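For the protein sequence lines, the chains are U and C, in the order given. All letters in the first sequence, in the order written, are residues 143 to 494 by our numbering. All letters in the second sequence, in the order written, are residues 62 to 266 by our numbering.
Incorrect hints may appear among the rest.
Said to hold, decoys possible - Far from chain U by the CB rule (all over 10 Å, computed), these chain C residues: (1) Lys-99; (2) His-108; (3) Arg-130; (4) Glu-158; (5) Lys-170; (6) His-197; (7) Asp-199; (8) Tyr-208; (9) Arg-217; (10) Pro-232; (11) Lys-236; (12) Ala-239; (13) Lys-257.
To be verified - Straight-line Cα separation of at most 30 Å, BS3-like style, residue types lysine-lysine; simulated pairs: (14) U:Lys-367 to C:Lys-128; (15) C:Lys-257 to U:Lys-367; (16) U:Lys-226 to U:Lys-290; (17) C:Lys-257 to U:Lys-364; (18) C:Lys-170 to C:Lys-257; (19) U:Lys-256 to U:Lys-290; (20) C:Lys-210 to U:Lys-488; (21) C:Lys-128 to U:Lys-364; (22) C:Lys-113 to C:Lys-99; (23) C:Lys-265 to U:Lys-488; (24) C:Lys-210 to C:Lys-265; (25) U:Lys-367 to C:Lys-170; (26) C:Lys-210 to C:Lys-163; (27) U:Lys-364 to U:Lys-488; (28) U:Lys-282 to U:Lys-256.
Said to hold, decoys possible - To give an idea of the chain C side of the interface with chain U (calculated C-beta under 10 Å), a few residues: (29) His-131; (30) Gln-134; (31) Ser-157; (32) Met-195; (33) Pro-198; (34) His-204; (35) Cys-228; (36) Ala-250.
Hints were generated in silico from the structure; no laboratory data involved. Owing to the predicted nature of the structure, the values given are computational and were not obtained by experimental measurement. Each residue gets a CB set at the ideal place from its N, CA and C atoms; glycine is no exception.
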Amino acid sequence: MRAAPDRSDRRAFLKRASAAAAATAVPGALFTPVRIALGAGEAGGAAFRFAYISDSHLYGRDLNDRFARALLRAVDDVNALDPKPDFVFYGGDLAQLGQEHELDLGARILERLKAPLRIMVGEHDWYLDMGARWQKLFGKPTYSFDHKGVHFVVLNSVIEADFWTRRGMTPMERMLTVAGLDNGVQSPFTVGAPQREWLQKDLEPLSDEAPLVVFSHSPLYKLYKNWNFWTDDAEEVQAILKRFRKATVIHGHTHQLLTHRIGNIHFHGLLSTAWPWPYAPQGVPELTIQMSRPDPFNSNDGCGDGEVCVHADGRLDTIYNLWNRNPITVSRRYLDSGGAEDAPPKPNRASY
Amino acid sequence: MHRDLKKTLAALGAACVAAAAVLLGCSQDSRAPGDAPKDPRAIADAHLAQWKAKNPDRVDRWVDEEKERHAIQPPADNSALLQGGQGKGHPYGNYSELDLLKWARETEKLVVDGSRVFHSAERLGGTVGVSCDMCHPDAANTHPETYPKFQNQMGRVALLRDMINWCIEHPVRGKALAADDERMRALEAYILAQRKGVPMNYGKH
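Assemble the whole structure, with the sequences as input and the hints as a guide.
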């Protein structure tokens, strides 16, 4: 057990108290460690935490070092977290144009993370060489793992139907097409039948009460098709997740605070370290309390990284660590109550 | 004699038309004398299609290609100007369909070129591989209807073009464009076009 610094405040005391209780717990014994329930959104009540960094869109450093510096800042943020996160999740789009030097740079920077890394594919990583370099660096794009009683699934949800062959596109032309958020030549994102079948099988052993977290780059619902804030087979994927009472989807790609709920499935969108996207002109879920318009004169505004607090029952809070603003917590209570309780603060300016 | 001459002349005339048809390659445009004339537009379109097929590298495809990539708001519909007795006897108001076509096509060309510049770090003159669409997909969040407005960070009242130039100099890392630079005109055209229908509200922050 790590010794917490000896501060006399309530939070430090409770941390040590819960750590002591956990240390004495014996599986199957009569003694049950008392879980100290703090106020909503407080860290101490969580079963564990993981950090997230997403959508860094790295260029080669000679061309543009702004995004590399932003990713370095995020790595420093995560390494400085106290308590340390159990692992760090990377939400996709590490590279901007999927080039080897961009992915290699990203891999080198992420090596500086002290906590273990779990990484996911984004479309910017994939469509230059169809994932060849990414898989060489990071392994399989689709996988699952268990951590402290929660089942985690990582999907490649940016599968696009072939639009490039009949147009005779080069790999770079294909990548540039996909890299354009508003480029209508590309196809909508999908998870695809093979992965859906894999997902069905992977989730079969789990009971309906089992806590489940699905990591996906595309949102796994349909927000705005023009910008591929969209998963074309979202309904089919949601149908597979429907039976779980505590399923959460955490997605990248949208570079903004996004909150949604469909039935029992909670959806949280992650921040980008590189730049914020505007909110779509239509389709933004009602539960989302939109960030106010980022300051164009500050290249950090609207960007950041964050943490996810997973409660003992498997539901989670997402903390948005915005670099130019106070952090925002979107809690499980807010989502469970359909927006009635524990709402995040509403900004005093419009999102435009 | 008269009748024979007539017949000969008619035959000669038909032969001339046929010969002309062969020379011009209009094998399908064979009319017997006395047929109603075909729509001249349809004939012109058919000729142009033939020429395009024979000269593919001289056909301007960039407008259609850019429109395939990026959704562009169409210009206003002016067909009301062709209706009624408007402009009769007054040359200024006396528009034809060709006028409307020309206005629409030329305006659209500038807007579509603006889309090309907007989406290209190279054409913007940027040096760090950043283009406008990376923060402003489909020109979202450019809100041109709010200019002119006082911009603290610039210390003066900014027009849309001043903000465009700020972005070109800073995140795009290029050189500021002159007001009459064809790229600046095209960018303004595209940004304004994408905001079609939004009420003007200068000074809004």
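Evaluation of the provided hints:
With a least CB separation of 36 Å from chain U, Lys-99 of chain C remains clear of the 10 Å interface cut-off, as annotated. For His-108 of chain C, the non-interface assignment is confirmed: its Cβ lies about 29 Å from the closest Cβ of chain U, beyond the 10 Å cut-off. Chain U draws Arg-130 of chain C into its interface by the beta-carbon criterion, the shortest separation being 5 Å against a cut-off of 10 Å. Against the 10 Å criterion, Glu-158 of chain C stays outside the reach of chain U, whose nearest CB is about 30 Å from its own CB.
The Cβ of Lys-170 of chain C sits about 19 Å from the closest Cβ of chain U, beyond the 10 Å cut-off, so the non-interface label holds. The beta carbon of His-197 of chain C sits about 7 Å from the closest Cβ of chain U, which is not more than 10 Å, so the claim that it is off the interface is violated. Consistency note on Asp-199 of chain C: stated as away from chain U, yet its beta-carbon is not over 10 Å from all of that chain's, at 5 Å minimum. Interface exclusion of Tyr-208 of chain C from chain U stands, the closest Cβ pair being 13 Å apart, more than 10 Å.
Distance to chain U confirms Arg-217 of chain C as a non-interface residue, since its nearest Cβ pair spans about 14 Å, more than 10 Å. With a minimum CB-CB distance of about 7 Å to chain U, Pro-232 of chain C fails to clear the 10 Å threshold, and the non-interface call is violated. Look at Lys-236 of chain C: its CB is around 17 Å from the nearest CB on chain U, clear of 10 Å, so calling it non-interface holds up. Even its closest Cβ contact with chain U, about 22 Å, leaves Ala-239 of chain C beyond 10 Å, as expected for a residue assigned away from the interface.
With 10 Å as the threshold on Cβ separation, the claim that Lys-257 of chain C sits away from chain U holds: the shortest Cβ distance comes to roughly 13 Å. With a C-alpha separation of about 17 Å, the suggested pairing of Lys-367 of chain U with Lys-128 of chain C holds against the 30 Å cut-off. For the hint linking Lys-257 of chain C to Lys-367 of chain U, the alpha-carbon distance of about 20 Å falls within 30 Å, and the restraint holds. Of the pairs offered as hints, the one joining Lys-226 of chain U and Lys-290 of chain U holds, with about 15 Å between alpha carbons and a cut-off of 30 Å not exceeded.
Of the supplied pair hints, the one linking Lys-257 of chain C and Lys-364 of chain U holds, its CA atoms being roughly 25 Å apart against a limit of 30 Å. At roughly 16 Å between alpha-carbon atoms, Lys-170 of chain C and Lys-257 of chain C fall within 30 Å of each other, so this suggested pair holds. At roughly 19 Å between alpha-carbon atoms, Lys-256 of chain U and Lys-290 of chain U fall within 30 Å of each other, so this suggested pair holds. Between Lys-210 of chain C and Lys-488 of chain U the alpha-carbon distance is near 26 Å, which keeps this suggested pair within the 30 Å criterion.
As the CA atoms of Lys-128 of chain C and Lys-364 of chain U are separated by approximately 24 Å, the hinted pair is consistent with the 30 Å bound. Distance hint between Lys-113 of chain C and Lys-99 of chain C is fulfilled; the C-alpha atoms sit about 21 Å from each other, no more than 30 Å. For a cut-off of 30 Å, the pair hint linking Lys-265 of chain C to Lys-488 of chain U stands: about 20 Å separates their Cα positions. About 7 Å separates the Cα atoms of Lys-210 of chain C and Lys-265 of chain C, which keeps this hinted pair within 30 Å; it holds.
Between Lys-367 of chain U and Lys-170 of chain C the CA atoms are separated by roughly 26 Å; this keeps the pair inside 30 Å, and the hint holds. With a C-alpha separation of about 34 Å, the suggested pair Lys-210 of chain C and Lys-163 of chain C falls outside the 30 Å cut-off, and the hint is violated. With a C-alpha separation of about 24 Å, the suggested pair Lys-364 of chain U and Lys-488 of chain U falls inside the 30 Å cut-off, and the hint holds. As the CA atoms of Lys-282 of chain U and Lys-256 of chain U are separated by approximately 22 Å, the hinted pair is consistent with the 30 Å bound.
Interface hint at His-131 of chain C: satisfied, since its Cβ lies 6 Å from the closest Cβ of chain U, which is below the 10 Å cut-off. Checking Gln-134 of chain C against chain U: minimum C-beta separation of about 12 Å lies over 10 Å; hint violated. A hinted interface residue such as Ser-157 of chain C counts as satisfied when its beta carbon comes closer than 10 Å to some beta carbon of chain U; here the least separation is about 34 Å, so the hint is violated. For the restraint placing Met-195 of chain C at the interface with chain U, the shortest Cβ-Cβ distance is roughly 6 Å, inside the 10 Å limit, so the hint holds.
A hinted interface residue such as Pro-198 of chain C counts as satisfied when its beta carbon comes closer than 10 Å to some beta carbon of chain U; here the least separation is about 4 Å, so the hint holds. With 10 Å as the threshold, the beta carbon of His-204 of chain C comes within range of chain U, its nearest partner Cβ sitting at about 6 Å, so the hint holds. Among the interface hints, the one on Cys-228 of chain C holds; its C-beta lies about 7 Å from the nearest C-beta in chain U, closer than the 10 Å criterion. Here the hint on Ala-250 of chain C is broken, as its CB sits about 17 Å from the closest CB of chain U, past 10 Å.
Checked against the numbered hints above, the structure violates hints 3, 6, 7, 10, 26, 30, 31 and 36; every other hint is satisfied.
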